[in-house]
Amino acid sequence: KAGVTQTPRYLIKTRGQQVTLSCSPISGHRSVSWYQQTPGQGLQFLFEYFSETQRNKGNFPGRFSGRQFSNSRSEMNVSTLELGDSALYLCASSFQGAANEKLFFGSGTQLSVL
Amino acid sequence: AQTVTQSQPEMSVQEAETVTLSCTYDTSENNYYLFWYKQPPSRQMILVIRQEAYKQQNATENRFSVNFQKAAKSFSLKISDSQLGDTAMYFCAFTDHSGGGADGLTFGKGTHLIIQP
Chain L
7 KAGVTQTPRY LIKTRGQQVT LSCSPISGHR SVSWYQQTPG QGLQFLFEYF
57 SETQRNKGNF PGRFSGRQFS NSRSEMNVST LELGDSALYL CASSFQGAAN
107 EKLFFGSGTQ LSVL
Chain D
57 AQTVTQSQPE MSVQEAETVT LSCTYDTSEN NYYLFWYKQP PSRQMILVIR
107 QEAYKQQNAT ENRFSVNFQK AAKSFSLKIS DSQLGDTAMY FCAFTDHSGG
157 GADGLTFGKG THLIIQP
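Heads up: the protein sequence lines correspond to chains L and D, in order. Add 6 to the 1-based position in the first sequence for this note's numbering, that's all there is to it. Add 56 to the 1-based position in the second sequence for this note's numbering, that's all there is to it.
Next up, chain L with everything else stripped away, as it sits in the complex (with noise of 0.2 Å):
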């Protein structure tokens, strides 16, 4: 069975920018929830999807934006970018999104924003 999917696995933007990154789950998995991960802030839930439907956010701006597909895939998105928005994305599936479902995780999308 393959494992999350993120891609791409580097990005570089300019400030200002937008950018749209990818993430396919586990084949099965119904929920995907995306994270932050940054040196000074450390791993922060950006949000949940499950069934097409975002039912958690965590405390991030409106520029942080996501949806998912019929197919359980999912892409995120930040607008206007500023520099610190650089930081490892990581994305994790799991079947239903239960509090004590084991979550499976990308290896992350790299974005460095200039």
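Worth double-checking, as some hints may not be accurate.
[To be verified] Reference listing, derived: stretches of chain L covered by chain D, where coverage requires no fewer than 3 residues with Cβ under 8 Å from a Cβ of chain D:
(1) 54-64
(2) 82-89
(3) 92-99
To be clear, the hints were calculated from the coordinates, so they are not data collected in a lab. Built from N, CA and C at the ideal position, the CB exists for glycine as well.
Position chain D against the provided structure of chain L, taking the given hints into account.
Quick look at chain D alone, frame taken from chain L:
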């Protein structure tokens, strides 16, 4: 808001030794879940072990075990017979059972564990 604290930024031990990573958390909830995730240089987070707060028995997974002290809000990870492949960042994480859907994990800042040959 829940917080997770890992007080050891970095630890180094010899191969085959036993090492304990500490984690404390703060919550007003009674029902919650605790996890240890490992992040090797490949960046992919991998679940090491998980504990449900209502279970008094400490979780064990092969060489990995936890010491869960609910009253003290402490959740330490013990790695026995450490191996070179255990070298990684280790993150303690928490989530509660409030409402439906995934509320997201709250992570500690991590402990960089180095296993020396």
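Against the structure, the hints come out as follows:
{"no.": "1", "hint": "54-64", "result": "holds (count 5)"}
{"no.": "2", "hint": "82-89", "result": "violated (count 0)"}
{"no.": "3", "hint": "92-99", "result": "holds (count 3)"}
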